[in-house]
Amino acid sequence: MSRKYEGIVVLNTKGTEGGVEDLVSVVSKQMQAEGATITETLDMGRRKFAYNSDHMESGHYINFQFTAEPSSIEKIKGRLRLNNQIHLQYYQRA
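Residues in the sequence shown are numbered from 0 upward in steps of one, following numbering that gives the first Met the number 0.
It is possible that part of the hints are untrue.
Claimed, not checked - Cut-off 25 Å, straight-line C-alpha distance, at most; resulting in silico cross-link-like pairs (BS3-like, lysine-lysine): (1) LYS47 <-> LYS74; (2) LYS47 <-> LYS3; (3) LYS28 <-> LYS74; (4) LYS13 <-> LYS28.
Don't read these hints as lab results, they were simulated from the structure.
Produce the entire structure from the sequences given, and follow the hints as far as they go.
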């Protein structure tokens, strides 16, 4: 049974040749490969962190709204953990 989820992904755009749109499309494809159906993507822009994290002062926030099986969330987390351009990721049921 598919459920609705919302995910926040913080991108590390330091040293990337392409734009943020390229990174978002890569993340979207990786999520879809694990069974997610993305319904909406919201670019929340670059935001400064409260404290430096891994020598980063800020990150680019992307909000994904999608439907997926509950078992797919762990697969998505594992797959995106391998991507060096993703600094943080957080998911919750919508």
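So, going through the hints one by one against the coordinates:
1. As the CA atoms of LYS47 and LYS74 are separated by approximately 29 Å, the hinted pair breaks the 25 Å bound.
2. Proximity of LYS47 to LYS3 is assessed by CA-CA distance (about 29 Å); at most 25 Å being required, the pair is judged violated.
3. The hinted pair formed by LYS28 and LYS74 meets the criterion: a straight-line CA distance of about 13 Å does not exceed 25 Å.
4. Of the supplied pair hints, the one linking LYS13 and LYS28 holds, its CA atoms being roughly 21 Å apart against a limit of 25 Å.
Consistency with the previously given hints fails for numbers 1 and 2, ordered from lowest to highest.
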